[in-house]
Amino acid sequence: MLVQFASCDKPKDQDKKLNMRLAKLPSDDTVYLQDQKLTDCDIPIVVQEAVINIKCSRLVLDWNKITDKGAEHFGRVLQSNTSLSVLFMNNNQISNRGTNYITQALYTNRTLTELHIRGNQITDEGALFIAQVLYINSTLEELYLADNTIGDRGAQYLALALTQNTTLKVLDLRMEQVNIANNIKICWLRSFSYLKHRVKVIRK
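Per our numbering: the sequence shown = residues 10 to 213.
Possibly wrong hints are sitting among the right ones.
[Said to hold, decoys possible] Under the rule of at most 16 angstroms between Cα atoms (straight-line distance), these lysine to aspartate or glutamate pairs were calculated in the EDC-like manner:
1. Lys178 with Glu150
2. Lys74 with Asp44
3. Lys209 with Glu123
4. Lys209 with Glu150
5. Lys178 with Glu151
6. Lys178 with Asp156
7. Lys64 with Asp44
8. Lys209 with Glu151
9. Lys178 with Glu123
10. Lys64 with Glu81
Since the hints were derived computationally from the structure, they do not count as laboratory data.
Produce the complete structure using the sequences and hints provided.
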């Protein structure tokens, strides 16, 4: 049974249309739902059809309107999911709180190898949540955090975690915003210099 969020007040016919659209998706490895104006209220339906029924290995949810509440639902599902290996949630509205929900799932998840959460609202606090799980997680290989507002302290958190984590191969930390870029000091480079032979750190 689908669990709907209490705050959702969408017309039922919208849920029905989304259900019908998802039901028509092929049983493919990748489900594309980018730029569909999806909100947190749609996430239980997406999870049920795409993740549980279709058992997709790649789910693309870029450019929607998913917030921390939707991230919380994904976090619960990821705790025990064994099919999804790549999750795209770029350019949504996920903050540190939502990041924590997702990273908590990665303490037990042994399937997800790529996590794309570029262009959200993640700061140094969110980077700390991610760094903490990197000490434990041995499955994640690629992590994309570009275009958030992670600064020097967040970079240090991640760098320290990667001294223990030997699985991560790609870390994307590109920052496009000029005001953020001006605050990124030389310690970014110092933090990751000793990892350059093992981890591809994308900074620009």
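Given the hinted pair Lys178 and Glu151, is their Cα-Cα distance within 16 angstroms?
6 angstroms, holds
Holds or violated: Lys74 with Asp44, Cα cutoff 16 angstroms?
9 angstroms, holds
Regarding the pair Lys178 and Glu150, is the alpha-carbon distance no greater than 16 angstroms?
The given pair, whose Cα atoms are some 5 angstroms apart, holds under the 16 angstroms limit.
Going straight from one Cα to the other, do Lys209 and Glu123 come out at no more than 16 angstroms?
Status holds; Cα separation ~14 angstroms.
Pair hint Lys209 and Glu151, alpha-carbon separation not exceeding 16 angstroms:
Cα-Cα ~9 angstroms, so holds.
Satisfaction of hint between Glu123 and Lys178, Cα-Cα up to 16 angstroms:
10 angstroms, holds
Pair hint Lys178 and Asp156, alpha-carbon separation not exceeding 16 angstroms
19 angstroms, violated
Can you confirm whether the C-alpha distance between Lys209 and Glu150 stays at or below 16 angstroms?
Holds, at about 11 angstroms.
Lys64 and Asp44 were given as a pair; does the straight-line alpha-carbon distance stay at or below 16 angstroms?
21 angstroms, violated
Holds or violated: Lys64 to Glu81, with C-alpha atoms at most 16 angstroms apart:
This hinted pair is violated, its Cα atoms lying about 20 angstroms apart.
In this structure, the earlier hints numbered 6, 7, 10 are contradicted, and the remaining ones agree with it.
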